[in-house]
Structure formats: C-alpha cells, structure tokens
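Let the hints inform the model, and build the full structure from the sequences given.
Sequence lines, in order, name chains B, X and G.
Mapping the first sequence onto numbering that gives the first Met the number 0, position 59 (from 1) lands on 58, and the numbers just tick up by one.
Mapping the second sequence onto numbering that gives the first Met the number 0, position 264 (from 1) lands on 263, and the numbers just tick up by one.
Mapping the third sequence onto numbering that gives the first Met the number 0, position 49 (from 1) lands on 48, and the numbers just tick up by one.
It should be emphasised that the hints constitute simulated quantities derived from the structure, not laboratory data.
Accuracy of the hints is not assured; some may be wrong.
Below, a list of computed lysine-lysine pairs in the DSS-like style, where the Cα atoms sit at most 25 Å apart [to be verified]:
(1) Lys37(G) / Lys189(X)
(2) Lys94(G) / Lys82(G)
(3) Lys124(G) / Lys94(G)
(4) Lys34(G) / Lys112(B)
(5) Lys114(X) / Lys94(G)
(6) Lys6(G) / Lys87(B)
(7) Lys82(G) / Lys189(X)
(8) Lys119(B) / Lys34(G)
(9) Lys6(G) / Lys220(X)
(10) Lys189(X) / Lys124(G)
(11) Lys114(X) / Lys90(G)
(12) Lys34(G) / Lys189(X)
(13) Lys6(G) / Lys156(X)
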Amino acid sequence: MNTNAALMNEDGVLPAEDLPGDFAIWIFILAEMLVFGVMFIVYAFARAHQLEVFNASQLTLNRGLGTLNTIILITSSYFVVRSVAAIKVNDARQSARWLLGAMALGAMFIVVKLWEFNEKFSAGITLETNDFYMYYLTLTSFHLMHVLMGMIILGCIVFKLRNGDYTAAEHFGVETGASFWHMVDLLWIILFPLVYIIH
Amino acid sequence: MQYQSQAVAKPYFIAAIALFLGQIIFGLIMGMQYVVGDFLFPAIPFNVARMVHTNLLIVWLLFGFMGATYYLIPEESETELFSPKLAIITFWVFLAAGAATVLGYLLVPYASLAKLTGNDLLATMGREFLEQPLPTKVGIVLVVLSFIFNVIMTMLKGRKTAISLVLVLGLVGLAVFFLFSFYNPHNLVKDKYYWWWVVHLWVEGVWELILGAILAFVLIKVTGVDREVVEKWLYVIITMTLITGIIGTGHHYYWIGAPAYWQVWGSVFSALEPIPFFMLTIFAFNMVNKRRREHPNQAAVLWALGTGVMSFLGAGVWGFMHTLAPVNYYTHGTQLTAAHGHMAFYGAYAMVVLTIISYAMPILRGRAANSNKAQVVEMWSFWLMTVAMVFITLFLTAAGVLQTWLQRISTTPMSFMATQDSVAIFYWMREVAGVVFLIGLITYITSFFIKGETKAS
Amino acid sequence: MATRFTKSMARNIFMGGSLFFFLLFLALTFDTNQKLPKRDNSQNLTASVIHGKKLWETNNCIGCHTLLGEGAYFAPELGNVYKRRGPDFIKAWIKGQPTGIPGRRQMPQFNFTDKELDDLVDFLKYTSEINTNNWPPNIEG
Numbered sequence: 000m001n002t003n004a005a006l007m008n009e010d011g012v013l014p015a016e017d018l019p020g021d022f023a024i025w026i027f028i029l030a031e032m033l034v035f036g037v038m039f040i041v042y043a044f045a046r047a048h049q050l051e052v053f054n055a056s057q058l059t060l061n062r063g064l065g066t067l068n069t070i071i072l073i074t075s076s077y078f079v080v081r082s083v084a085a086i087k088v089n090d091a092r093q094s095a096r097w098l099l100g101a102m103a104l105g106a107m108f109i110v111v112k113l114w115e116f117n118e119k120f121s122a123g124i125t126l127e128t129n130d131f132y133m134y135y136l137t138l139t140s141f142h143l144m145h146v147l148m149g150m151i152i153l154g155c156i157v158f159k160l161r162n163g164d165y166t167a168a169e170h171f172g173v174e175t176g177a178s179f180w181h182m183v184d185l186l187w188i189i190l191f192p193l194v195y196i197i198h
Numbered sequence: 000m001q002y003q004s005q006a007v008a009k010p011y012f013i014a015a016i017a018l019f020l021g022q023i024i025f026g027l028i029m030g031m032q033y034v035v036g037d038f039l040f041p042a043i044p045f046n047v048a049r050m051v052h053t054n055l056l057i058v059w060l061l062f063g064f065m066g067a068t069y070y071l072i073p074e075e076s077e078t079e080l081f082s083p084k085l086a087i088i089t090f091w092v093f094l095a096a097g098a099a100t101v102l103g104y105l106l107v108p109y110a111s112l113a114k115l116t117g118n119d120l121l122a123t124m125g126r127e128f129l130e131q132p133l134p135t136k137v138g139i140v141l142v143v144l145s146f147i148f149n150v151i152m153t154m155l156k157g158r159k160t161a162i163s164l165v166l167v168l169g170l171v172g173l174a175v176f177f178l179f180s181f182y183n184p185h186n187l188v189k190d191k192y193y194w195w196w197v198v199h200l201w202v203e204g205v206w207e208l209i210l211g212a213i214l215a216f217v218l219i220k221v222t223g224v225d226r227e228v229v230e231k232w233l234y235v236i237i238t239m240t241l242i243t244g245i246i247g248t249g250h251h252y253y254w255i256g257a258p259a260y261w262q263v264w265g266s267v268f269s270a271l272e273p274i275p276f277f278m279l280t281i282f283a284f285n286m287v288n289k290r291r292r293e294h295p296n297q298a299a300v301l302w303a304l305g306t307g308v309m310s311f312l313g314a315g316v317w318g319f320m321h322t323l324a325p326v327n328y329y330t331h332g333t334q335l336t337a338a339h340g341h342m343a344f345y346g347a348y349a350m351v352v353l354t355i356i357s358y359a360m361p362i363l364r365g366r367a368a369n370s371n372k373a374q375v376v377e378m379w380s381f382w383l384m385t386v387a388m389v390f391i392t393l394f395l396t397a398a399g400v401l402q403t404w405l406q407r408i409s410t411t412p413m414s415f416m417a418t419q420d421s422v423a424i425f426y427w428m429r430e431v432a433g434v435v436f437l438i439g440l441i442t443y444i445t446s447f448f449i450k451g452e453t454k455a456s
Numbered sequence: 000m001a002t003r004f005t006k007s008m009a010r011n012i013f014m015g016g017s018l019f020f021f022l023l024f025l026a027l028t029f030d031t032n033q034k035l036p037k038r039d040n041s042q043n044l045t046a047s048v049i050h051g052k053k054l055w056e057t058n059n060c061i062g063c064h065t066l067l068g069e070g071a072y073f074a075p076e077l078g079n080v081y082k083r084r085g086p087d088f089i090k091a092w093i094k095g096q097p098t099g100i101p102g103r104r105q106m107p108q109f110n111f112t113d114k115e116l117d118d119l120v121d122f123l124k125y126t127s128e129i130n131t132n133n134w135p136p137n138i139e140g
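Right under this line is the structure:
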C-alpha cells in the first residue's frame, strides 16, 4: 500500500501511460469483466456436472446466427476505431458518422439475437427447460443488455460530437465510450465459442 | 463549528449513543436467554428482546445518519441549514415515536399492540425488522421526508458537492425503499421478495452511499487531502457497491420460492460485493498515508480506518463466506447469518456513525479535538468494542459451523434444540465477549466526560 | 500522455452503471413475478391461510423462529414443520406452552382458539408446499 501510495500521482492514480479514455471507465470495465468472468466459471462448473445435457442442448443452438453476430460486432468495433481516429484529426463529422455506423451494426446484432431467441421460444424453450438453456439465455441476454447500453453511450457521444464538444485535443470522451464498446465486443468473442461451440 | 446551525446535530448524536446503550443491554439479555432459556421469562420473552435489540439498532443508526447529515450539509453547502427549527422538531418527534414504540413492545403483548395501533387497517407488523406499529412507520416516513426536505433546501441555496449529492441520493433511496415496508401481500413468497427491497437494498445498497459520503467527509477533514481526489474515488467505490449490490439481492432469493436462476445471479453478483469494501479500506489507508496535515483528533482517524477494515471483514469476508448458493444451501438461517450480521452492522454502520461523532462532537462542544486524556480513553473503547465484536463473531461462527454440520450436513441430522444444546459452550463465550463489548461502550461514554487541556477550534 | 481520471466521468459512470443494473434488477423481478404462480403455492391461499399468516405476524413468531430460513435463530425452522410434525402435534405443542422446565427456552402462551389454531396450521401447511428448490436439506430444518 505504501509503495502504491508513493507511485501515485496527485490524482491518486497509478501511472499507466497510455490507457485510452478515462481511468474510471477502466475500473468499470474491470468490474464488468469480473462479473462475466465469474459467470463463465460458474457455467464451466455447471457444464462439468451435466456434460450430457449441455452437449446435447448446445447442438440445438443456431451457430450460423451466432457467427453472423460475431462478424457484426467485430465490424462495429472497427467502425469505432475509425471514429476515434477521425476525431484525433479533428474531423468530428466523420467521427460521428462512424459511430452511427457502429450503432446501426449494434441494432443489427440485437435484431439477429432477438430472432434467435424467438426461434428458441417458439420451440418452447424457457429458462426452466434445463440448466444449459438457463445459462445460455442468462448469459446472452445479459450481454444483449450491454450492447443496448453501449449503443446508448455511443448515442450520447454522437450527440456531443455534433455539438462540437470534442476536438483533436479534447477527445477523451470518445475514447472512453470506445473502450466500453470494445469490451462488449470482447465479451461476445469469449461468450460465443464458450456457449455455442466448445464441446 | 463553521455554521451555527450545525449545532442541531448534537442532540441527534446524544440520542444515538443513548439508544446504542439500550441496544447492547437487550443484546446481553438475549445472549443470556440463549443459554439460560427461561431468563427473564415471561417478563421479557426472547422475541420482545430481539425486537427491541434490532429496532433500537435501526433507530440509533438513523439518528446517527441524520445527525451526520445536519452536521455535514451546512459545511459542504457553505450555508446555514434551511430550517434548524424543523430539525429540532423532527428530532423530538422521532425520539418520542421511538420511545413510545419500544415501551409498547415491552409493556403490551404484541398482538394487543397490533390491534391498538390499527394493524387491521393495513397489516404491516410482525415481519423481521419491520415490527413497528403502523403509526410508527408513518411517523418514520414523515420524519424522513421533512428531514430530506430540509437537507435538499439547504443544498439548493448553497454549494453542491459530490459528497452531499451522494449523501442525499442515499437518503432518498432510504426513504423510497422504506415504502416497501407498507406492502405486505398474503402471498408469502411475494411478501419475502419485497421485504428484501427494504432490508437488502438498505444495508447493501443505499446505506453504503451514506456510509461512503460520511467517511469521505471525515477523511477530507482529518487528512487535508484534495477534495477532487476523494470525491472521484467515492464515485468509483459506490459504483462498485451498486453494480454488485443491486443484483446481489438475489442471494436472498435462493430458497424462498423464487425461480432457481437467482442462484446464479445472486451468487455471481454478491460474490463481488466484498470488492467495494476492499476498495474502501485501501482508499481510507491511502488517504491517511498521504495526509497533508496532522489533525489533533487522532481518535477520529482511528475510527475512520477501523470502519474500513471492519466493514470489509464483516460485510465483505463474512458475507462472502456463505453467499454462494451451494454453501448457503447448508448455512441459510444458521448462526453464521447472525455472525455476519453482527460484524457487518458494527463494522460498517455503527462504526461510521461513531466516526462522525468522534470527529464532530468535540467541534460541537467548542474545541478542535478532545484532550489527549479523553482521546486515549476513547481509543481504549475503540479497541475494547472492536475486539469484543471480533470475538462475538468468531464464537457465533463456530456455533454456526457446528450447527450446520450437526443439523444439516450429517447423515444422521440432529433436531434444532439438540443441536443448540451441543453448541451452548460457544453461546456462553459469546455472552462473555458481549459483556466486554458493554464495558467498551461504557468506556466510550465515559470519554465524553473526561476533561483536560484542549485547543480551541 | 498521462491517464486522465475526471470526477465528471466517474459521476456519469456511477449514474449510468447504477441505473443499468437497477433496470436489469427490475427486469428480473418482472420475470420472477411471471414465474411465481408455478412455484409459490398461491392457488392454496384460502381465507384460513390468510388469517393464519396474520396470526403468525401479529404474534411476532418470527421474533424467535425462522420461516424458510429467515427470522430469528432462537427456535426451530417452521417452514417445514407441517411435514416434520403434522397438524395435531403442532396444535398440542402450541397449547402446551410454556413448558416451564427450568433453564429451557420458553415459548409464551398465546391463548389461541381452536379456529385460530386450525388457521395457523393451514398457513404452515401452505408454507411447506412452496417450491423452495429443495431447501432445507433435511426434515430437521
């Protein structure tokens, strides 16, 4: 603790030279990763307990739609990267456009996901069907809400970009939102193979 | 004291300490009844003693929170309180209502009390911690509303700091979630489900905002660390509190009839609930290490650091111990819950109120800090009470583990009462630790009457 | 460039994050309420059970006992007492209190009528049929 205190700058922050965005979002991201991390561990334990059930039910998932959603999210992350690059050269209009593109992809993700859920619900599958579906629905809908939250955050940034609140010198807000969006993407990249593929 | 109207905090603090003493005495009575079953029966049956014990706890903590707020808000807002008169009126109303309620518990059989106070109009009584008669519950709502009104009006005419904003958010949340105490459906599962919206969302939710704000205020004052730094860490810590604590409510929904998925949601989120407490501890120590001045009130610094450590141990570690559903399946409703409850309430809420009292009371009495002699006595009381509470918790934990084993896990489970007899030795030791706690509390009260050389504030 | 850590961002994340998780909690609560009828035995909430619950409350039974594991830990769990002891034992037990055995924990005499005793037993029967995910682990509660 003493060494930490000695290292801290006057803001009480450990020096980390190139964390993009606000330090506070990184604490939040860390918390979110912990939540998901613990959930993944719980999933792994539950799976080890009922291997048969999990393997059998897993085969009923629509991997095509899952793959499509993976591509959508990775593309959206690319758009967000371009948006940050644009604001760094002071092009707020272009930056906002890239973000709108990313939001549109987020909306596509949601539509595909709801379609997939609808398939399952019409097959009579609910949280109570078995433990696999309980984890599948819980993890994916929890992630889905993060996509929604990410879109709201990007929307706020677009609003502020249009307002001229961000410039090349003052773009921390854009980076902060971008960091969150990348986390949502990253979580899906872990979640997708874990729940849909790994046998 | 920078603002005249801060003085209204003083009666609140005095009442808090007096009720604290009452709480401990009834705790000792119950502790005795655990081992000598017919102690004071039928004059004070166990359920009455427990009601008094827990209700006094809640009321004295509320007195402490209100006193803290009345002390802190004028200083943070840099203006006099909106209405000191209203603050004094609510004080007497609240004290009278509290005293009448406790006397009602002690003197009137509970069923008659329910009939007398209109429980037939709206049945809200007879649920754990919410035993108060209807008029008392309405009274609490009115007192808290007038209190919040007074505080918000003060803030509106002055400076708005993060500390006062967080404090007021916590207080508004306290008021809002208390409204669920009026909702008592016939359906037992729903009754229990929303009962936790008062109990859990108070102690593992909005009360932690109040705790964080009070602690941040005291740390700024005693360490002289830059407000910006303290306030942003306050935000980060309470963010962690709420994102883990709100869904963490699920750890109460495992076995009361709610769907099984709460075992996953509750376990995952509540497993992370120790993190904000850990951050709070690290934060408190860091601020004190980086202090820019030596505050003469070293007792207050000790209480502030103690709050960090003990809330982490009591709420964090002891909570985590039995929060995962597979563990809780065996430990639910045993002495382990009691162990956790005792250390968490003391470590988090009792101690934070004692922290602000320790800091503010000398100033309210016209000096920056108490005399060295008085502070030494106060520090003794800190160690006596804290160590006693550690032992109470350890003995109850031992009783709980043994109880879980004999009554729940064993292939030949023993009956409840047979199990209780087998763990009686731990209840005896707990009672001894309880007596030490009382001695600590008396030492604490004594420290207010010790004179000596002091500096003017 | 050093990492930035601003108070306004910390505040925004606090507000947004708390709101997000509270909304999630509300969504889960909504789902729970949809699922409850299958689990909470509410189809058996007769007038007698409702009166029994009120007697349970107005005599502060929770001040000593636990019910589905919640309450005081001074006296036995009663969520499954109907299954453990049966109706007749429960009524006889309540009528026989206090035992007056020196040094033992004492339960007060509540002077219930026979009708009230039936209502209490009905309430305990209803409680014992709630789906609690197999809690408690064994009949001893």
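Next pair to validate is Lys34(G) with Lys112(B); report whether the Cα-Cα distance is within 25 Å.
Holds, because 23 Å separates the two Cα atoms, which is no more than 25 Å.
Taking only the CA atoms, is the gap from Lys6(G) to Lys156(X) under or equal to 25 Å?
Distance ~22 Å between Lys6(G) and Lys156(X) Cα, so the pair holds.
Would you mind confirming whether the straight-line C-alpha gap from Lys6(G) to Lys220(X) stays at or under 25 Å?
19 Å, holds
Taking only the CA atoms, is the gap from Lys94(G) to Lys82(G) under or equal to 25 Å?
OK: Lys94(G) and Lys82(G) at ~19 Å, within 25 Å.
Given the hint that Lys34(G) pairs with Lys189(X), test it: the Cα-Cα distance must not exceed 25 Å.
Answer holds: Lys34(G) to Lys189(X) is near 12 Å, not above 25 Å.
Assess, step by step, whether the Cα of Lys114(X) is no farther than 25 Å from the Cα of Lys94(G), and give holds or violated.
With Cα atoms ~22 Å apart, Lys114(X) and Lys94(G) stay inside 25 Å; holds.
Compare the distance between the alpha carbons of Lys189(X) and Lys124(G) with 25 Å, and conclude whether the hinted pair is satisfied.
17 Å, holds
Would the hint linking Lys82(G) and Lys189(X) be met if the CA-CA limit is 25 Å?
Status holds; Cα separation ~22 Å.
So if I understand the rule, the pair passes when the alpha-carbon distance is 25 Å or less; does Lys124(G) with Lys94(G) pass?
Judged against 25 Å, a Cα distance of about 18 Å means the pair holds.
Just to be careful, I want the Cα atoms of Lys37(G) and Lys189(X) compared with a cutoff of 25 Å; is the pair within it?
13 Å, holds
Against the 25 Å threshold, does the CA-CA distance of Lys114(X) and Lys90(G) hold or violate the hint?
Cα-Cα ~24 Å, so holds.
Straight-line Cα separation of Lys119(B) and Lys34(G) no greater than 25 Å?
18 Å, holds
The structure shown violates none of the earlier numbered hints.
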